[in-house]
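> Place chain P on chain E using the hints.
Protein chains: 2
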Amino acid sequence: MKKITSIICLLVLLTACSKPKITKLIKVSNLEELNAAIKDCKAGDEIVLANGVWKDVEIKFSGNGTEENPIILKAETAGEVFIEGVSSLELSGNHLEVSGLFFRNGHSPKTNVIAFRTSAKEVANHSKVTNCVILDFNNLERDQDNIWVQFYGKQNELSNCYIAGKTNGGPTVRVDLKGNQSIRNYHNIINNHFGPRPRKGGARGETIQLGSSFTSMSPSNTTIANNLFEECNGEVEIISSKTNFNIIKNNVFYKSEGSVVTRHGNYVTVDGNYFIGDGVNDQYGGIRIINTGHWITNNLFYKIKGKNFRSPIAIMNGIPKSPLNRYNQVTDVVVAYNTFIDSDSPWQFGVGTNISQADVLPKSEIRSARPLRTEVVNNVIYNSVGDANPIIEHDKADGVTFASNIIDNNGVDFSKRDGLTSKKLTLTPIGSDISAPVSGFSDVEVYNGFDFETITEDVLGNSRDKSNQVGAILDVENIKLDILNKANYGADWYSNEVEIRDPKTHSVSNASELVAKLKDAENGDILELNAEVFKISESLIIDKTITIQSKGSTEIVYEGAANTPAFSLTPYGKITVKNIKLIGNTSNYAFASLKENMSNHFGLEVIDSEISNFNYALRVYKQAFSEQITFKNTTISDCENGIELSEETKDRGDYNTEYLTIDNCTFNNVKQNVVDYYRGGYDESTIGGNLLITNSTFTNSGSEEKNQRLLNHNGIVNVNINNNTFKNNKVKFVSILWGAKNNVESNNTLINSGQIKTEENLVMTLMY
Amino acid sequence: MKKITSIICLLVLLTACSKPKITKLIKVSNLEELNAAIKDCKAGDEIVLANGVWKDVEIKFSGNGTEENPIILKAETAGEVFIEGVSSLELSGNHLEVSGLFFRNGHSPKTNVIAFRTSAKEVANHSKVTNCVILDFNNLERDQDNIWVQFYGKQNELSNCYIAGKTNGGPTVRVDLKGNQSIRNYHNIINNHFGPRPRKGGARGETIQLGSSFTSMSPSNTTIANNLFEECNGEVEIISSKTNFNIIKNNVFYKSEGSVVTRHGNYVTVDGNYFIGDGVNDQYGGIRIINTGHWITNNLFYKIKGKNFRSPIAIMNGIPKSPLNRYNQVTDVVVAYNTFIDSDSPWQFGVGTNISQADVLPKSEIRSARPLRTEVVNNVIYNSVGDANPIIEHDKADGVTFASNIIDNNGVDFSKRDGLTSKKLTLTPIGSDISAPVSGFSDVEVYNGFDFETITEDVLGNSRDKSNQVGAILDVENIKLDILNKANYGADWYSNEVEIRDPKTHSVSNASELVAKLKDAENGDILELNAEVFKISESLIIDKTITIQSKGSTEIVYEGAANTPAFSLTPYGKITVKNIKLIGNTSNYAFASLKENMSNHFGLEVIDSEISNFNYALRVYKQAFSEQITFKNTTISDCENGIELSEETKDRGDYNTEYLTIDNCTFNNVKQNVVDYYRGGYDESTIGGNLLITNSTFTNSGSEEKNQRLLNHNGIVNVNINNNTFKNNKVKFVSILWGAKNNVESNNTLINSGQIKTEENLVMTLMY
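Here the protein sequences line up with chains E and P, keeping their order. Count along the first sequence from 1, then add 64; that gives the number in this note's numbering. Count along the second sequence from 1, then add 64; that gives the number in this note's numbering.
Honestly, the hints are just simulated from the structure, not real lab data. Be aware that a few hints might be false.
Note that the list lumps identical chains together, so a pair holds whenever it fits in one copy or between two copies.
As the list claims (entries may be wrong) - In silico DMTMM-like cross-links for lysine to aspartate or glutamate, where the CA-CA straight-line distance does not exceed 20 Å:
#	residue 1	residue 2
1	Lys185	Asp462
2	Lys185	Asp515
3	Lys385	Glu429
4	Lys242	Asp462
5	Lys659	Asp104
6	Lys796	Asp529
7	Lys544	Glu704
8	Lys599	Asp546
9	Lys242	Asp515
10	Lys615	Glu429
11	Lys821	Glu577
Excised from the complex, chain E in its bound form (with noise of 0.2 Å):
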């Protein structure tokens, strides 16, 4: 073994403290180094990983510091130790701290990146990780689920990271409760910032998961403060509560397509939360409660426009007599002193009943239990557009007790309860582009449900004790909101914030130029294509954000090998392509993602382009994902196959883009696969995929197709096939719809082309 390099002795006395505190700094630029330090290490000591990348490094940390003398292991400079390639890092022992950390560029080869225990015996206590940073340190599969941070132990603390860009399964942090050494853990997951978490497609794609059905009934006390989620689009549930006697507070959520779901477990209380949307998309939602005794105060909600399981308030029913991973009944729920701004119909009850479905469901499956002994009280509501439906019950809210509830609705009629008065508000400006309601209503008497004086304080942390009132904030002066600074969370010396720079085109002429400038081409440039024809013979690989396209009726003619694409779609790889010809050999196909690795997401958009003489149109294999895949005034003809979406056959819920738009699309002998989608499982509480159909017409397509139906949209929950016309195509059906979800279809011109049906039930796969 090598001698460590350096070592330097300090002692410090730390004036504040009357123990001499002693510090020995390690500074260590490599693994066995580290590896010797972390062997040798007492109380006290710092080992400094020197600047630079370290590859391929599984770091085991164990070690026993003392609360005055923590152990640390730091990076020389915060930000510039690069942890790259197959690495991991565990944590065991009390009192130690990692800091300073830059995952990136690879991936663990465990399952997951950090973890607070070196082994199942051997935990974490009373340590944290912080000021590090993981940016897509993502599996090569997207089924290869795993956890970035994976709490175990006790005490212990996530602070201050920047974590971001998780696209394969698994929640991106998760809370472990499994055995008596990680109950009533008292964990902090404070002051981060959580950015981007695309769309995963399907489940698993939680930003924060603390504990599993399997530990619902633990206490696990975990502290979830002063976070920002920013465009946590993982799945439905942002953060999912599995345990007892959480805390999720201060937090803000911003333009994040899902809600906080306390999924399992009881007692959390979500209190002085900003969930900040965009007044538009309807993926943004709020707080999601099943389970007993949770209490939500102080949540100020913000043009969200989510709706049932994404409303700002979903209340579900539960399984009469839940099985333990289902749903059970929400009883004593506190719905207090929040305040609902241009957010529609923010209170809904019921949410997921499921009782038409009993045919179809094992009984144990069907939600009919409504909550019990919930209270909603002390709420303000302001509509600048009136809501016409503030409240929604799915099923008969008869269990809830309305009070003190007030509401400004602009004039619009709303159906009227006991407990929800309107009145006369004013907005008062409360930040930048953000008003509330915030003065003129403290002569509302609020209500006092049991312990209600434990509820001390407002949203901003001012008292209630003297001059109390409804609504999340209390009627002080000057009130100047900074939640959306980023600068106020993640990393000191991390800011995902990029300047924006404006894509440069480049020209080109040839094929040979075609490859080499796309090759150096930066991420969102475009490529002019000025030559009336391009023969390609090998595939062109996308890896970034471009856009190709020309001016004229430009021609790429590929004559790759068979079963290759024209344009291969990998990791990142987000292609638009415009006004182009496209065509194939009959045998090669003119996209496809790879068959595997697809360890990020792809994009596709073809605009006012013809693609014809392919085996596929596009094909993407399973693992792969796009947000989403746009054909718009396109031609696609003469080919095979189509658009094949459809290899997600593990029926766990999974899918292969989130949307799949075609507008002013023409199809023309298109044997089989026209388009084919597919989502297979049944869950309830997965909101996807959104298939689009207008303004196109088929023609003489789905002819070889086995089933019979020309569009195949398999568990596909979202589709709408609106203003197309189907002619003399050899199906039975054009379409199936699931009546049950959100399938509609409207001002369609069948000839020649079998039948659109609806089928209220699916019978699928339960994933459970």
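Okay, now just chain P, sitting in the frame of chain E:
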């Protein structure tokens, strides 16, 4: 309204307290005065109930005291205020205190006798009921369930009370958790004496129940400490914990036929309790464990012979993903520092496994999930008679860690297991009639699990800090347990110890004397019949413990009306008939219970007698219950019906007698219901009744039995049919035994009497 009779104001300056305490004494003599006093009461008031009988009073005690100045409702002299008739007590408000009352000779008009609330919304907090007695305050019918003390609200106390004799359904004491007003209640149930609760016959006979399956996820934080449970035989669960975070500490379970059961909910502490049996009765149990996170520490088990469900430590199998009201898997349980003395097979795992019944039970009833992450460590076993199976695995204990356990098995071999080591131990006397291993094993290294540093004391409260060792008792000098001294528990003015009185024998010469002397006799007396024939035309009322016997062959000829009994078995009536010939008129009965209002148990023993020419030898109606019914050396002949105990047809698990014993008897020409004993309803944890038929002869009987069975005992759990002769009975079956339960037969002779069949599984109604 009458004027309050006397108001005395006192100004008491408490020397121990800096605040002056103002007390107003208000003495009341009737309900009107009491109600007026309650209406006006203020902090510091003491309402004094005049001595005497308070009949038919429904007391609602509401008020707001303070910690320093509670409002007190008390007996003029503790124990001299009798609450009788149709009466109840309800409390609501804060800091109330009730003391000195004696509930007897009556029952409650409500669903509880004492309730810590006056309406669904008005509960009591910081209030207590102390130094009171509730005795035999039973509803008129056994299945009119109620609760004697029902907790609502928070921080209430039941202390120093004596409570005994509940025969009707429903737990004696229950903590209710429905609603935010009653969670995290920190109630205290302390220093009480729970006196004998007779066997109820079926479920719903718990002494204390903490919550219900519907609130099993709720934090209760109730403490049950320092109580004496004496002969609490109501059902298999003495304490049924159904919520989280309860503490069951330093209680004495003395000759109680049941167990402490963590039926639902998690994280219960069962610490420092004494389970005292007699080395014979195998109904005395220990601790039965279901669910997660319980800590079973420092308990002492002495001569506990319970098996399977009632074994000292019974760890159950769970149902995978169990429904809320069934059996969750056992996980993360700690069983540490307990001592087991002369207690058979004290550790049983996989209790309740029923994988073999998969054919007759729904999947959601199959208990196949074995315990996980469970530690059985630092325990001591001493067997003066060696036990071949200290560990029984009904299903594999592969998820259990054994470590640092020692056993002295007095030389008897047992199947070895890591973590359970043989060691020679010696017994030290630690109290009257009790010895335990205390010293000589300090060399055994204790196992230190997660959080084991929180186990700071032994069963006696001695610190484990300095000289820790395995087992419940540390090695300190002069241990003198005084745990069975009844003066340490219950009301200070009441004792259930009665002087034993020698029974008096009354000589009876004719029928009218028999009626008169039966009426006048005292409990336990003997009537000696000294004539040859007693002709009786009206039922003899049995309402006490009495023996009726003769020296020779005395006849009692019952000439009463059809369908009336010679002996009418009424509440508390326990009769022994010895050496008597009982003769009917073919239309009337020998023995029968009342048809209704059997508010307490009866008993029947018939020895050396003959019963003939009756419609029924014994007819027991629905709701009537006897702990024992015995026929010995007795002939039953020429009767239309024999022994009829089959009217509990609601299938809620109830039955009419705990034990039916027929030994050395003869049945001849009994046409139907020869023996008809029924229990209905599937409930894996009901362990009765008990049918023993031995050395008897059945001839020419059962000819009119519609189901063609001679002995009917459908649903009875323990059946023993040995050494009998069955001859010329026109039936298809003598008996159909339930193979999965404890139903056995041996050495029977069947001549022209059909057969005995065993059916492994019985299809029964599910009870829940």
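> Pop the pair lysine 242 and aspartate 515 into one bin, within, between, both or neither, using alpha-carbon distances up to 20 Å.
Answer is between: at 15 Å across copies they meet the 20 Å cutoff, but 31 Å inside does not.
> For lysine 796 vs aspartate 529, is the C-alpha pair at or below 20 Å within one copy, between two copies, both, or neither?
neither (69 Å within a copy, 81 Å between copies)
> Have a look at lysine 821 and glutamate 577 and pick one of within, between, both or neither, based on CA distance no larger than 20 Å.
neither (50 Å within a copy, 92 Å between copies)
> Using 20 Å as the alpha-carbon threshold, which applies to lysine 185 and aspartate 515: within, between, both, or neither?
between (40 Å within a copy, 13 Å between copies)
> If the cut is 20 Å between Cα atoms, do lysine 544 and glutamate 704 qualify within a copy, between copies, both or neither?
neither (61 Å within a copy, 92 Å between copies)
> Checking an output row: lysine 659 and aspartate 104, CA cutoff 20 Å. Within, between, both or neither?
neither (46 Å within a copy, 83 Å between copies)
> At 20 Å max between alpha carbons, let me know whether lysine 185 reaches aspartate 462 within a copy, between copies, both or neither.
For lysine 185 and aspartate 462, the Cα distance is within 20 Å only across copies (17 Å; inside one copy 48 Å).
> Between lysine 385 and glutamate 429, at a C-alpha cutoff of 20 Å, which is it: within one copy, between copies, both, or neither?
Answer is both; intra-copy 11 Å and inter-copy 13 Å each pass.
> Evaluate lysine 242 and aspartate 462 at a C-alpha cut-off of 20 Å and name the case that applies: within, between, both or neither.
The answer is between: 17 Å across copies meets 20 Å, while 37 Å in one copy does not.
> When Cα atoms must be at most 20 Å apart, do lysine 599 and aspartate 546 count as within-copy, between-copy, both, or neither?
Neither: 55 Å inside a chain and 100 Å across chains, both beyond 20 Å.
> Treating 20 Å as the Cα threshold, decide for lysine 615 and glutamate 429: within, between, both or neither.
Neither: 56 Å inside a chain and 70 Å across chains, both beyond 20 Å.
Going through the hint list in order, the structure does not satisfy hints 5, 6, 7, 8, 10 and 11.
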